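Undergrad: In order, the protein sequences belong to chains A and B.
The first sequence runs contiguously to residue 534 in the working numbering.
The second sequence runs contiguously to residue 534 in the working numbering.
Check each hint, because a few of them may be wrong.
Since the list gives no way to pick one copy over another, a pair counts as held whenever it fits inside one copy or between any two copies.
In the PhoX-like style, the derived pairs of lysine-lysine whose C-alpha atoms are separated by at most 25 Å in a straight line are [what the hints assert, rightly or not]:
(1) Lys141 with Lys188
(2) Lys414 with Lys201
(3) Lys485 with Lys188
(4) Lys237 with Lys306
(5) Lys201 with Lys188
(6) Lys219 with Lys194
(7) Lys140 with Lys167
(8) Lys414 with Lys246
(9) Lys167 with Lys188
(10) Lys167 with Lys219
(11) Lys167 with Lys485
(12) Lys414 with Lys219
Quick caveat, the hints were computed from the structure, so don't treat them as lab data.
What you are looking at is a predicted structure, and each value in this text was computed from that prediction instead of being measured.
Number of protein chains: 2
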Amino acid sequence: MQGEGSGFSMTRRDLLRMIGVSAGTAAMYQAMSTLGLAAESPYRGTPLLHGAPRGTSVLILGAGLAGMVAAYELRQAGYTVQVLEYNARPGGRNWTIRGGDRYTELGGDTQHCRFDHGQYINPGPWRIPYHHRGLLDYCKKLGVPLEPFVQVNHNAYLHNSHAFGGKPQRYRSINADYRGHIAELLAKVTQQGKLDAPVGKDDQATLLDSLRQWGALDKNYAYVRGPSASNRRGYDKPPGGGLSAKPVDSQPLQLHDVLDSHLWRGLTDSEMFEFQPVMFQPIGGMGRIGEAFGHALDGLIRYNAKVTAIHQDERGVTATYEDARHPGRARTAHGDWCICTIPLSILSQIPMNVSAAMTEAIGAIPYAATVKIGLQFKRRFWEEDEDIYGGITSTDLPINNISYPSSDFNSGGKGVLLGGYLWGLNAYQFTAMTPAERVRRAVQYGSQIHPQYASEFENGVAVAWHRVPFTLGCFAAWSDEARNKHYENLCQIDGRIALAGEHASYLPAWQEGAVTSALDVIGRIHQRVVGGAA
Amino acid sequence: MQGEGSGFSMTRRDLLRMIGVSAGTAAMYQAMSTLGLAAESPYRGTPLLHGAPRGTSVLILGAGLAGMVAAYELRQAGYTVQVLEYNARPGGRNWTIRGGDRYTELGGDTQHCRFDHGQYINPGPWRIPYHHRGLLDYCKKLGVPLEPFVQVNHNAYLHNSHAFGGKPQRYRSINADYRGHIAELLAKVTQQGKLDAPVGKDDQATLLDSLRQWGALDKNYAYVRGPSASNRRGYDKPPGGGLSAKPVDSQPLQLHDVLDSHLWRGLTDSEMFEFQPVMFQPIGGMGRIGEAFGHALDGLIRYNAKVTAIHQDERGVTATYEDARHPGRARTAHGDWCICTIPLSILSQIPMNVSAAMTEAIGAIPYAATVKIGLQFKRRFWEEDEDIYGGITSTDLPINNISYPSSDFNSGGKGVLLGGYLWGLNAYQFTAMTPAERVRRAVQYGSQIHPQYASEFENGVAVAWHRVPFTLGCFAAWSDEARNKHYENLCQIDGRIALAGEHASYLPAWQEGAVTSALDVIGRIHQRVVGGAA
């Protein structure tokens with residue numbers, strides 16, 4: 001947790017070291033538990049790589065987060081590092097599209113982003129969970145300021161085009177009504193003595209108390225129109241000031257309507273470990289992290305370098321590459337060791353002499369299809385008309401999500417929505433369209449939720465990850481079966497080559513997977529090196 | 001919603017007006033519902049005050065939010081406005097204490113805040129719900145930038161010193177385990193056919209599906225150690241990258257332990273309408289709003305003016321006041337009308353000739369005792385050691401809450417916690433202590449949750465609202481009985497005097513109560529004026 005404490009104050013590591021020295025391991029583990037550490041991130045700060053032999057070189061393929069974390073730490077440890085990167089910029093999937101940017105997808109369609117200054121969309125990762133400590137620590141080290149990413153907003157919508165006449169419902173009403181009704185159901189059977197034996201008398205009394213509070217039930221354990229329910233789901237007329245300020249309660253939906261709408265499916269999105277509040281985003285776009293890494297590694301990264309072959313022998317690893325802008329002339333780069341972070345979707349097409357097991361693993365993992373669409377509007381009507389500040393609306397329409405920007409709240413002016421985040425079949429269908437058509441459809445679908453789209457839409461961009469030249473897909477879509485069969489093989493050091501990236505982690509699609517996989521691999525390579533294998 | 005739309009785009013009001021003109025009132029109401037308006041805030045923008053007679057004057061007592069909203073709008077409408085304010089600054093309870101500030105409480109104790117530059121505490125209001133649209137609109141008009149206030153953080157603690165050996169529990173574990181167990185209980189009785197008749201067969205099947213997803217149950221509808229539960233409550237070892245990255249599931253707490261701990265009481269704090277995400281805070285402290293209003297009203301506010309008497313006759317209203325810094329010499333200020341926003345706790349001690357009913361109302365409402373304590377620490381150990389970024393820890397200790405700052409996340413360096421937010425008896429006990437003793441106790445209690453307090457604490461400030469000279473209490477603590485008997489009387493225009501403030505609203509303690517009560521009262525006074533009563 002290097003560089004974390006300020007001045008003379010005690011860091012977590014100092015404290016644990018002190019406890020460990022004075023009271024032994026058991027006390028240290030106890031202290032770790034008390035500090036909430038043992039059950040937290042597997043990340044324990046960057047590995048301490050002592051004693052790198054002078055002049056040992058590592059060739060890193062790919063300047064995404066995994067490659068740049070590896071380069072950053074290995075350089076620090078005294079290794080000679082060189083990075084080859086296909087794009088003209090650092091970051092890989094850590095990428096923000098801003099006004100003025102051009103992007104050409106597979107098939108040749110070029111989009112020229114016409115967003116206003118300060119507006120952006122993150123086609124790749126867009127949010128950071130609070131427990132992705134590796135990534136957060138690099139943000140701190142690199143001086144990338146963060147702001148909260150609003151994942152759950154009780155005033156955003158849950159929308160099913162086949163329920164409630166297609167009218168979107170506020171998250172808060174479905175949330176309150178689902179909870180209220182199930183609390184009432186459970187309270188009733190508890191009162192009727194129908195619960196299973198394991199719940200004792202005292203616990204039953206406490207359970208009833210808790211259900212009343214938790215489900216906003218009335219004194220008879222009923223979920224009904226009244227102040228308790230309104231204080232969760234919202235009012236027909238909320239309380240105000242002066243005369244005529246008295247609130248008017250709202251009428252809860254019936255249990256049948258809530259169940260039948262299937263909108264309860266949207267209630268757990270922000271309950272999952274990776275999506276629980278608090279989440280973060282870098283101010284100005286996720287790409288700020290890749291940009292900061294690129295700056296820190298100035299001079300180490302060769303951009304526009306398209307790797308065409310990787311060959312190792314007992315002395316080292318040679319990558320053959322060409323200039324992506326002027327293909328044809330083969331060049332080479334060499335390292336004593338190689339960390340390859342090229343996505344498996346691309347790597348499976350590049351000749352590389354590793355074991356049959358690793359080769360099979362590389363070819364076995366499909367990449368997920370997703371599409372993200374950014375839409376700029378003349379004004380932030382979601383805030384001005386609908387009191388929605390950040391957060392995500394879920395819908396059964398192909399666009400799947402509408403996400404409202406988590407910055408410049410209440411500022412007036414323009415705004416860019418994530419107008420669609422498509423998965424599975426819908427993503428494949430949108431990938432087959434031209435970018436302009438994807439945008440047109442996203443506007444069309446979104447209008448069913450926000451009629452203001454029609455008059456307020458200005459322009460958009462659409463990234464279909466299966467057409468992104470540097471990844472040919474969004475992330476490694478591991479099945480349990482593939483994981484059992486191939487994961488260990490994929491993560492071995494094969495001779496002088498090792499892989500890193502989100503694909504070499506249990507956190508597919510997450511940047512933390514890339515970061516922790518890189519930290520894991522450099523630790524193991526360093527062990528090999530100092531162990532005498534080099 | 002004046003000033004809200006940008007350029008030529010259509011505001012909500014424009015849209016509604018157009019629909020109203022072309023399709024009548026029913027269609028307009030339908031459109032309002034569709035836009036989510038009818039069920040939202042009672043605030044409909046500022047009242048349009050046309051035709052104020054030239055030279056009509058309004059004397060406003062108090063430059064808190066209610067007084068300044070009234071002054072801002074009445075000046076705009078053409079009235080001659082003067083404001084008298086007891087403090088040397090605008091804002092009243094909208095107040096931020098920063099390093100270098102001095103504050104003297106009733107009894108004479110002076111605190112000199114030693115926070116570092118950029119650190120602050122809001123002794124009064126500290127968060128703004130997304131639906132407090134009146135206040136949000138003034139923030140927009142006055143150019144006060146906002147950032148999210150993190151109310152719910154799944155990694156903050158729920159703490160009961162009598163449960164789990166006094167060890168704080170993560171919100172996410174109690175939340176997941178309570179949910180999981182009640183979902184399992186309800187699923188069991190549903191499967192056993194023990195539910196009441198009203199739930200039909202199809203609904204029962206959907207209910208089971210929903211409980212499995214919502215409660216993170218396994219395929220047998222059981223809440224047990226496994227990937228589903230861990231993906232809510234957290235892991236013993238979370239997923240990572242590379243080799244040995246496989247996650248290790250955690251063991252849920254037993255239902256009895258969750259119930260018996262009473263920690264479920266902390267699960268609904270952010271489910272209530274006023275506390276649901278998204279909430280906001282002004283960047284740099286809540287006081288930014290009062291400061292911006294004060295700037296906008298430059299020249300209209302007489303500071304250090306302590307009102308000692310208010311007298312009306314058929315021609316107008318005269319307030320007698322003295323310089324709070326140099327008491328003794330009586331001065332007077334006059335208005336054709338008077339809007340008095342002085343807290344009832346103070347106003348009940350000032351002679352004023354209004355009806356017996358209003359006088360009785362003014363004297364009938366007690367003010368709540370609360371205490372807030374700000375503590376500066378050498379480093380942000382809650383972030384660095386415990387992965388807690390913003391949000392609130394609840395405890396049964398007298399400090400009640402520890403709230404982590406919602407700004408400068410992950411930045412390193414120092415930070416100020418809200419180290420206590422005390423209510424009721426605890427607040428009275430702390431009010432009786434010296435400020436230094438309050439701070440000392442808050443550090444002592446907080447150490448039970450964060451042992452780092454001992455080595456990291458630097459300095460603190462403590463505001464006990466019953467000793468705040470300009471309010472003698474935190475807010476009007478209305479009972480239902482008092483509300484029925486006195487509220488209407490309190491809100492009448494009495495001759496040429498009318499009251500405004502959070503105390504004249506159904507939103508006690510909230511700034512929106514002050515804002516909407518002021519807007520309500522100026523509308524009614526204006527009606528009197530143009531109706532010919534003036």
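Undergrad: Please go over all the hints and tell whether each is borne out by the structure.
TA: Hint-by-hint comparison with the structure:
Taking the shortest alpha-carbon separations for Lys141 and Lys188, neither the intra-copy value of 55 Å nor the inter-copy value of 51 Å comes in at or below 25 Å. For the homomeric pair Lys414 and Lys201, neither the shortest alpha-carbon distance inside one copy (58 Å) nor that between copies (49 Å) is at most 25 Å. Taking the shortest Cα distances, Lys485 and Lys188 never come within 25 Å of each other, neither inside one copy (49 Å) nor across copies (37 Å). Taking CA atoms no more than 25 Å apart as the test, Lys237 paired with Lys306 passes in neither setting, with 62 Å inside one copy and 38 Å between copies.
Proximity of Lys201 and Lys188 under a CA criterion of 25 Å is satisfied in both settings, with 15 Å inside one chain copy and 18 Å between copies. Both within a single protomer and between protomers do Lys219 and Lys194 lie at most 25 Å apart by alpha-carbon distance, with minima of 20 Å and 23 Å respectively. For the homomeric pair Lys140 and Lys167, neither the shortest alpha-carbon distance inside one copy (43 Å) nor that between copies (30 Å) is at most 25 Å. When the C-alpha separation of Lys414 and Lys246 is checked against a cutoff of 25 Å, the pair qualifies neither within a copy, at 35 Å, nor between copies, at 44 Å.
When the C-alpha separation of Lys167 and Lys188 is checked against a cutoff of 25 Å, the pair qualifies neither within a copy, at 32 Å, nor between copies, at 33 Å. Neither within a single protomer nor between protomers do Lys167 and Lys219 lie at most 25 Å apart by alpha-carbon distance, with minima of 32 Å and 33 Å respectively. Neither within a single protomer nor between protomers do Lys167 and Lys485 lie at most 25 Å apart by alpha-carbon distance, with minima of 46 Å and 41 Å respectively. Neither within a single protomer nor between protomers do Lys414 and Lys219 lie at most 25 Å apart by alpha-carbon distance, with minima of 47 Å and 47 Å respectively.
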